[in-house]
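Asks: Use the sequences and the hints to build the structure in full.
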Amino acid sequence: MDYKDYKLLKIKIDQFVAFVTIDNPPMNLLNFELFGELYKFLTDAESDEDIKVIVFDSADPDFFISHFDVSHIIDSSFFPEKMPPRPTEPSFFKSLMMRYRSFPKVTIVKIEGIVGGGGSEIILGFDMRFGSKEKAYFYQPEGIFGIIPGGGGTQYLTRLMGRARALETILGCKRFNADLAEQYGWINRAIPQAEITGFVNDLANRIALIPSKNIGFLKQAVVAAEDLSISEGLIEEDHLFNRSIRLPESRRIMKEYINKGCQTREVEIDSKKQIEKLMKIIKNIH
Amino acid sequence: MDYKDYKLLKIKIDQFVAFVTIDNPPMNLLNFELFGELYKFLTDAESDEDIKVIVFDSADPDFFISHFDVSHIIDSSFFPEKMPPRPTEPSFFKSLMMRYRSFPKVTIVKIEGIVGGGGSEIILGFDMRFGSKEKAYFYQPEGIFGIIPGGGGTQYLTRLMGRARALETILGCKRFNADLAEQYGWINRAIPQAEITGFVNDLANRIALIPSKNIGFLKQAVVAAEDLSISEGLIEEDHLFNRSIRLPESRRIMKEYINKGCQTREVEIDSKKQIEKLMKIIKNIH
Amino acid sequence: MDYKDYKLLKIKIDQFVAFVTIDNPPMNLLNFELFGELYKFLTDAESDEDIKVIVFDSADPDFFISHFDVSHIIDSSFFPEKMPPRPTEPSFFKSLMMRYRSFPKVTIVKIEGIVGGGGSEIILGFDMRFGSKEKAYFYQPEGIFGIIPGGGGTQYLTRLMGRARALETILGCKRFNADLAEQYGWINRAIPQAEITGFVNDLANRIALIPSKNIGFLKQAVVAAEDLSISEGLIEEDHLFNRSIRLPESRRIMKEYINKGCQTREVEIDSKKQIEKLMKIIKNIH
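Protein chains in written order, with this note's numbering: chain X, 1 to 286; chain C, 1 to 286; chain F, 1 to 286.
Simulated from the structure, these hints should not be mistaken for laboratory data. Fair warning: there could be bad hints in the mix.
The list treats identical chains as one, so a pair stands whether inside a single copy or across any two.
[Said to hold, decoys possible] Cross-link-like lysine-lysine pairs, in silico, DSSO-like; alpha carbons within 27 Å at most:
1) 82 with 133
2) 255 with 82
3) 174 with 135
4) 12 with 174
5) 174 with 133
6) 40 with 4
7) 283 with 10
8) 283 with 174
9) 255 with 174
10) 280 with 174
11) 277 with 135
12) 12 with 255
13) 213 with 174
14) 133 with 255
15) 40 with 7
16) 273 with 135
17) 280 with 133
18) 133 with 273
19) 283 with 260
20) 133 with 10
21) 82 with 277
22) 260 with 174
23) 213 with 82
Replies: Take a look at the structure:
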């Protein structure tokens, strides 16, 4: 797949990692066109065996995704004035992010600018978020506009930071810098701007060493932990574990690890040595 | 409403914010009288359109609320010696705090002293908690008295900090300063004593800009996130979003924002400029 | 009970605290023998009235528990090649940790070395975890071996740190030092190596002051918070509270506290004074 027929996403694939740059001038607003490309990319990537990990960033030096276009919300051709009945399934927007949550590829977001409203809800739907200490800012301004976040923000934030901090975030409508976003759990970590690209690329490359099927199992197990009770989740994990240890590729990795004498004090005391041995084993198997 | 018929709460309303000072000498013990006033205030405030946000603090320089009066627990006129049957609904205490959790006003607690036991459970039932770095201390001493927290502490703390830290808190019975309480999620944030009043008042005033009905929607969405599965919660959020975007006041704010040219790179890159524009729009509408 | 018939666990009891040192050379691998002793100890300790709190540490200066023996996973006498049907209850490993979670004794882990894979899942099943700032390292390497954590790791970590950080942990497979493990909630706290033994022993001794039955009630309440909805959990807490305040020993502690004039501003303003008074009351009662 060459990913040439995208207008707002620049896509490049290198060693099982897709680098996707969002470029929707003048301010990376989230509109239906950008949304459509995120949908199309999900479908394309799903069946692309050359992709294990996806790294999203922005072409705009100041905005990651500014927010959902406010003019759409007051446009009755998109949102008719008549109140619709209570929905029976999540909206198109949310369903897309729920599919990104469970599809068997890993999504990582590198945030080096302002991300607000529906843009924040996009990144909350992805798997991991890293923000530049100097340049990233996060806010959910919907409250002060008289509306509520409609792309999952209230649900994702409450799960990440608890009720009190989620209420502070969506009622206070203030911008959080990356350090505060890290403290509250909005992002995985705040990383100095000079290091963030190296950090994210290293993480992506490392994850790309994992056998494809096992990436799917790992994601399924974490989704189960969010969706099920502890006892049901433990059973689901058992079942996925049973499947993973019977993958031929996994068995070969484990056998080589034992045969090469890696399960020893000397190798395992040193994390660098251990990972080098593992990388060599994996590369020989492929 | 003039709120003159309260003995233990001093209540003052200013621009949609109610300032409530707890004053129950000699040490702000939580007794049935104080509890009765917190119940009465919930009912009064619920129907008072002049209140959007409530800020609680204490008249005692050393204690926020010391704890529930131990002499009540061993008084058989309050707690008969005979073990009651398993309850089928939460106690009066907990039901009150659950009503504060879901009623359509925002509660913020400013803690500048010791808060323990049932007092801690009161603040855990409110929406947000900010503690003075120098003066606030938090503890659940019930364990060492041979009893368990009975006002929701075990449930709220486990949700906020996870099983391991909740167990450390309620089994260790130690006092946490504000920094540790922040780290464990007991409070939103630890704020230097010199700044805490300004911080809390600023947050309260900012939230008071939000249309009343929308405050209710935002709180409902977060309560849904605590009570429902992810997929059910996302649907509830959709429904509340659909209602919020059809509020006449919200539509006017959004239209003005677009018409005044605020959805631009120049305005939104600067958080101060953006909030000033929004405040002007909101004040013109009222 | 003298606990002499253990090979891999060194067990010593002092004032209601059991100190259990794991000693399985050459690198504290988690194998079936060690697992068997952890099972046997659960059963022995359960009925031992001399134990209220259990502190686990390691005899190995570099490893707490290295991980589950990889050679077992590829051994078809342990894990047959044929894929088993979907399980209907958690595996033996997980059931053991779930019993440690709910049994009426408190488990505390002091980690002063590397802990990985199944070893990490053992500590995640215990009640509290403290790690040495200088010496503790944590990792879940399963992903890179082509398998998933099978001892509850995906479920426990997601509950402790949320989806995004759990995914980073189990997909990135990197070693976390104690500071990062603390930040992500993997452990309760990172403690300087020079202080960790004092800290853990002090906490254990303090918890050992709590009446045995009440330790059980406190743990049950927190387990309820993990397993039930908020409203069901609050009712369970009510029921346990009602039981706890009717324990004869608890009533005596509370009566003495009131009779000795401890519920006063002067005593309670000073946490040291308050705990000394309580300790004296408790020791007189026994």
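Asks: Hint by hint, say whether it matches the structure.
Replies: We went through each hint and held it up to the structure:
Taking identical chains as interchangeable, the C-alpha atoms of residue 82 and residue 133 are never at most 27 Å apart, the minima being 44 Å within one chain and 50 Å between chains. In the homo-oligomer, the alpha carbons of residue 255 and residue 82 lie at most 27 Å apart only across protomers (18 Å), although the nearest pairing inside one protomer, at 64 Å, exceeds that limit. In the homo-oligomer, the alpha carbons of residue 174 and residue 135 lie at most 27 Å apart both inside one protomer (16 Å) and across protomers (26 Å), since each shortest distance falls under that limit. In this homomeric assembly, residue 12 and residue 174 come within 27 Å of each other (Cα to Cα) only across copies, at 26 Å, whereas the closest approach inside a single copy is 35 Å.
Taking the closest pair of Cα atoms, residue 174 and residue 133 come within 27 Å of each other both inside a single copy (17 Å) and across two copies (22 Å). Proximity of residue 40 and residue 4 under a CA criterion of 27 Å is satisfied intra-copy only: 12 Å inside one chain copy versus 62 Å between copies. Taking the closest pair of Cα atoms, residue 283 and residue 10 never come within 27 Å of each other, the shortest separation being 29 Å inside a single copy and 42 Å across copies. With identical chains, the CA atoms of residue 283 and residue 174 are at most 27 Å apart between copies only, with a shortest distance of 19 Å across copies and 47 Å within one.
Only between protomers do residue 255 and residue 174 lie at most 27 Å apart by alpha-carbon distance; the minimum there is 21 Å, versus 53 Å within a single protomer. Taking the shortest Cα distances, residue 280 and residue 174 sit within 27 Å of each other only across copies (17 Å), while inside one copy they are farther apart (48 Å). Proximity of residue 277 to residue 135 under the C-alpha cut-off of 27 Å is restricted to the inter-copy arrangement: shortest distance 23 Å between copies versus 37 Å within a copy. Neither within a single protomer nor between protomers do residue 12 and residue 255 lie at most 27 Å apart by alpha-carbon distance, with minima of 35 Å and 39 Å respectively.
In this assembly of identical chains, residue 213 and residue 174 lie within 27 Å of each other by CA distance solely across copies; the values are 20 Å between and 41 Å within a copy. With identical chains, the CA atoms of residue 133 and residue 255 are never at most 27 Å apart, being 42 Å at best within one copy and 34 Å at best between copies. Within a single copy, residue 40 and residue 7 get their C-alpha atoms as close as 11 Å, which meets the 27 Å cut-off; across copies the closest is 59 Å, which misses it. Proximity of residue 273 and residue 135 under a CA criterion of 27 Å is satisfied inter-copy only: 18 Å between copies versus 35 Å inside one chain copy.
For the identical chains of this complex, residue 280 and residue 133 are neighbours neither inside a copy (35 Å) nor across copies (31 Å), given an alpha-carbon limit of 27 Å. In this homomeric assembly, residue 133 and residue 273 come within 27 Å of each other (Cα to Cα) only across copies, at 22 Å, whereas the closest approach inside a single copy is 31 Å. For the homomeric pair residue 283 and residue 260, the shortest alpha-carbon distance inside one copy (14 Å) is at most 27 Å, but the shortest distance between copies (59 Å) is not. In this assembly of identical chains, the alpha carbons of residue 133 and residue 10 lie at most 27 Å apart only when taken from the same copy (25 Å versus 43 Å across copies).
For the homomeric pair residue 82 and residue 277, neither the shortest alpha-carbon distance inside one copy (63 Å) nor that between copies (29 Å) is at most 27 Å. Taking identical chains as interchangeable, the C-alpha atoms of residue 260 and residue 174 lie at most 27 Å apart only when they sit on different chains, with a minimum of 21 Å there against 55 Å within one chain. For the homomeric pair residue 213 and residue 82, the shortest alpha-carbon distance between copies (18 Å) is at most 27 Å, but the shortest distance inside one copy (46 Å) is not.
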